[in-house]
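Can you build the whole structure from these sequences, using the hints too?
Residue numbers (our numbering), protein chains in the order written: chain L, 3 to 112; chain A, 4 to 118.
Keep in mind that the hints were calculated from the coordinates and are not lab data. Check the hints yourself; a few may be wrong.
Have a look at the derived ranges for each label pair, beta carbon to beta carbon [said to hold, decoys possible]: (1) L:Gln16 to A:Lys18: 44 to 50 angstroms; (2) L:Asp57 to A:Gln83: 44 to 50 angstroms; (3) L:Leu13 to A:Gln83: 36 to 42 angstroms; (4) A:Gly54 to L:Asn69: 34 to 40 angstroms.
Below, computed lysine-lysine pairings styled on DSS-like, alpha-carbon distance capped at 30 angstroms [unchecked claim]: (5) A:Lys81 to L:Lys39; (6) L:Lys58 to L:Lys7; (7) L:Lys56 to L:Lys73; (8) A:Lys14 to A:Lys81; (9) L:Lys39 to L:Lys7; (10) A:Lys14 to L:Lys39.
Here a beta-carbon is modelled for each residue, glycine too, at the ideal position from N, C-alpha and C.
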Amino acid sequence: DQQVKQNSPSLSVQEGRISILNCDYTNSMFDYFLWYKKYPAEGPTFLISISSIKDKNEDGRFTVFLNKSAKHLSLHIVPSQPGDSAVYFCAAVTGNQFYFGTGTSLTVIP
Amino acid sequence: GAGVSQTPSNKVTEKGKYVELRCDPISGHTALYWYRQSLGQGPEFLIYFQGTGAADDSGLPNDRFFAVRPEGSVSTLKIQRTERGDSAVYLCASSPGGRGVGTQYFGPGTRLTVL
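Quick look at the structure:
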């Protein structure tokens, strides 16, 4: 039972354009959401987070949007850079447990 | 290094054997998590330690899996009577304390292969 879903396994974007990664969840008890970035042979690295009481959080080129009524969050990267090419995981938190999506592989084409 | 380290990086074992996977968290981090990541999946929660005690072990799949953190620092994940389905990357993460939301630091993982 996948409580956090990333329906796009891969995404290709031209350098300088916007990358939009999407994530859907089913559990209304989630109260915190995070995005992680993962390079091959490394562990995930925390990127940005948002509390369920907010609908937007911005950090430099990265913005996370939360739509609680739709149980949907998205990560916007603008402008996209080749170094952003990696697998991106969204995660949702309730209690002490983190639930991860299956990841989206982003390729930024120079 | 100052990050989370995990040993070994790779472990190949035979079905039915016992394995131990080690995690060295960042010094001073009181919270420690173990995850399992199967091919094509996201990390799956296994167990969470706050200090020396397992605050939440509800993610352990069965009683073949056990984890300890006797001194509140290094943790060992132990798998008895390994099965081929246990093959995965086992990730460890630590955080400064509390729920550690947004401040989990992951290690590189141990890739376990059960033949």
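Cross-check of the supplied hints:
no., hint, result
1, L:Gln16 to A:Lys18: 44 to 50 angstroms, "47 angstroms, holds"
2, L:Asp57 to A:Gln83: 44 to 50 angstroms, "46 angstroms, holds"
3, L:Leu13 to A:Gln83: 36 to 42 angstroms, "41 angstroms, holds"
4, A:Gly54 to L:Asn69: 34 to 40 angstroms, "37 angstroms, holds"
5, A:Lys81 to L:Lys39, "28 angstroms, holds"
6, L:Lys58 to L:Lys7, "20 angstroms, holds"
7, L:Lys56 to L:Lys73, "13 angstroms, holds"
8, A:Lys14 to A:Lys81, "13 angstroms, holds"
9, L:Lys39 to L:Lys7, "16 angstroms, holds"
10, A:Lys14 to L:Lys39, "25 angstroms, holds"
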